[in-house]
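Participant: Model the full structure from these sequences, guided by the hints.
Residue numbers (my numbering): 1249 to 1725.
No lab work stands behind these hints, which were simulated from the structure alone.
Just so you know, not all the hints are guaranteed correct.
Unchecked claim - Below are the DSS-like pairs computed for lysine-lysine, each with C-alpha atoms no more than 27 angstroms apart in a straight line:
1) K1637 - K1655
2) K1655 - K1628
3) K1433 - K1539
4) K1419 - K1588
5) K1539 - K1361
6) K1361 - K1468
7) K1708 - K1637
8) K1674 - K1703
9) K1627 - K1708
10) K1462 - K1336
11) K1550 - K1539
12) K1588 - K1549
13) K1377 - K1266
14) K1588 - K1627
15) K1621 - K1637
16) K1642 - K1433
17) K1706 - K1724
18) K1462 - K1419
19) K1642 - K1708
20) K1703 - K1687
21) K1377 - K1336
The structure displayed is predicted, hence computed values, not measured ones.
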Amino acid sequence: MDYITTMGLEVHTELSTKTKIFCNCSTEFGGEPNTHVCEVCSGMPGTLPVLNRQVVEYAIRVGIATNCEITQYNKFDRKNYFYPDLPKAYQVSQLYLPICRNGHIDIEVNGKKKAIRIHEIHMEEDAGKLIHDPWDDCTLVDYNRCGVPLLEIVSEPDFETGEEVIAYLTKLKAILQYTGVSDCKMEQGSLRADVNLSVRPVTTDELGTRTEMKNINSFKAIARAIEGERKRQIEVIEEGGRVVQETRRWDDNKGASFAMRSKENAQDYRYFPEPDLVPIEISDEWIARVKSEMPELPDAKKARYLADYGLPEYDVDIITGSKYLVEIFEQALAACNEPKEVSNWIMGEVLRLATETSTDVEDISFDFANLGKLILLVKKNVVNRPTAKEVFEKMFRENVEPEQYIKENGLEMVQDDNLVREVVVKVLADNPKSIAEWKEGNEKVTRFLMGQCMKQLKGKADPGTVNAVIAEELAKL
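Facilitator: Here it is in structure tokens:
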């Protein structure tokens, strides 16, 4: 039997504020355990939270960027649950009046466009982090993350395939980065997704029982989790069993999900209005100011790149899909005004070296303007392209200045045509067997001769010039 998969996503993103949502503790990642904590975020009795205004500003920004209605009168609620990483035994969140509602993000998969509806976006505080120590068979709690501001972006159940989920997350990640609200470093937990998934036979319109897989923090793991849970649910149904509504943990190493606990509903959390925080009133003027300060978003930037630079749509999709690749492109372009060349270098050498060195795009750190300078040096025949690639690798790894590095290492291209001809004549004389093969019609020999000439010239000649001289000297034979 064929089955239809239905999915909705709950995406949590940590906001790039310097301090937490209700206190002045640092949000910096990587501090010693339990050093970024105070009476407020540790939930001491008698303390009062004070809302960080920047959190509200960021929420408005994301709401506008995702086509949401801004709830101009909104407030916080208490969500009660008892876990050791939540010292207050409740989380401050928004249930009844979330700050953003009824938005959408447009995606395209296999040439088909689709609008993914956003049910709501709400502000909340993060919980702490549990660290399971297998050696001592105990669980330790780090409260540094407690109170870090989050936005939870809740979609409608509009996804049917893993490809749609990845397209949506890629677009959402770009929006969050472009608007400057989050660095979205998934390996640090700044962006993580809960996948709610159910299957049903194609013969029925009634949705199946959903499960929720929590806190998956890589796109590849999300794709594998979706496929794994889909197969598991189908197997349960076809074996005559019943899918249970529950929260599951995806183990990417084992390629399987495991039950954690029964899935709670809203009534299980016993929500009630947060008594320690006043409601938030957002004026028309505040919304108008945020709109006026919005940066160019991914769709608009893509349209401009296609119109102004004539780049291939595939290249533009890759570049505009990351705020950090956009920064490389625009800073390099400002230095050389060669959009197609900059695009080629990003799609080729930049991404190749990022992959080889296991460097996330957001962590690429060379001076981006130097890429534009290197492109100009190639265009002016100061270095040839193979040498330029070697120089760029040095730039990527050690952030060297290209022109200075080329001079200091004697990498300038050989400009002496007489020297090139002397080398070509010598190589032809030293390879009579290759000349004989060429006379018999083996044109591939010229590639060997070209390689020998470039070797003699230490790779610093213009390949086009060398090829032309080889052709002239062979013609004389």
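Participant: Next step is simple, just say for each hint if it's right about the structure.
Facilitator: Now the hints, each set against the structure:
Taken as a hint, the K1637 and K1655 pair is honoured in the structure, with Cα atoms around 16 angstroms apart against an allowance of 27 angstroms. Proximity of K1655 to K1628 is assessed by CA-CA distance (about 15 angstroms); at most 27 angstroms being required, the pair is judged to hold. A hinted pair counts as satisfied when its Cα atoms are at most 27 angstroms apart, and K1433 with K1539 qualifies at roughly 26 angstroms. Annotation: proposed proximity of K1419 to K1588 holds, straight-line Cα distance about 24 angstroms (limit 27 angstroms).
Among the hinted pairs, K1539 with K1361 is consistent with the structure: their alpha-carbon atoms are about 26 angstroms apart, no more than 27 angstroms. Pair hint K1361 plus K1468 holds up; C-alpha atoms about 22 angstroms apart against a cutoff of 27 angstroms. For the suggested pair K1708 and K1637, the alpha carbons sit about 12 angstroms apart, so the restraint of at most 27 angstroms is met. For the hint linking K1674 to K1703, the alpha-carbon distance of about 12 angstroms falls within 27 angstroms, and the restraint holds.
Using a Cα cut-off of 27 angstroms, the hinted pair K1627 and K1708 holds, with the two alpha carbons roughly 15 angstroms apart. With a C-alpha separation of about 22 angstroms, the suggested pair K1462 and K1336 falls inside the 27 angstroms cut-off, and the hint holds. For a cut-off of 27 angstroms, the pair hint linking K1550 to K1539 stands: about 20 angstroms separates their Cα positions. A C-alpha spacing of about 16 angstroms is found between K1588 and K1549, which places the hinted pair at or below 27 angstroms, so the restraint holds.
Proximity of K1377 to K1266 is assessed by CA-CA distance (about 19 angstroms); at most 27 angstroms being required, the pair is judged to hold. The hinted pair formed by K1588 and K1627 meets the criterion: a straight-line CA distance of about 13 angstroms does not exceed 27 angstroms. For a cut-off of 27 angstroms, the pair hint linking K1621 to K1637 stands: about 13 angstroms separates their Cα positions. Under the criterion of a C-alpha separation no larger than 27 angstroms, the hint pairing K1642 with K1433 is consistent with the structure, at around 26 angstroms.
At roughly 26 angstroms between alpha-carbon atoms, K1706 and K1724 fall within 27 angstroms of each other, so this suggested pair holds. For the hint pairing K1462 with K1419, the CA-to-CA distance comes to about 21 angstroms; that is within 27 angstroms, so the pair holds. Restraint check for K1642 and K1708: satisfied, since their Cα atoms lie roughly 17 angstroms apart, inside the 27 angstroms limit. With a C-alpha separation of about 23 angstroms, the suggested pair K1703 and K1687 falls inside the 27 angstroms cut-off, and the hint holds.
This hinted pair checks out: K1377 and K1336 have alpha carbons roughly 14 angstroms apart, not beyond 27 angstroms.
The earlier numbered hints are all upheld by this structure, with none contradicted.
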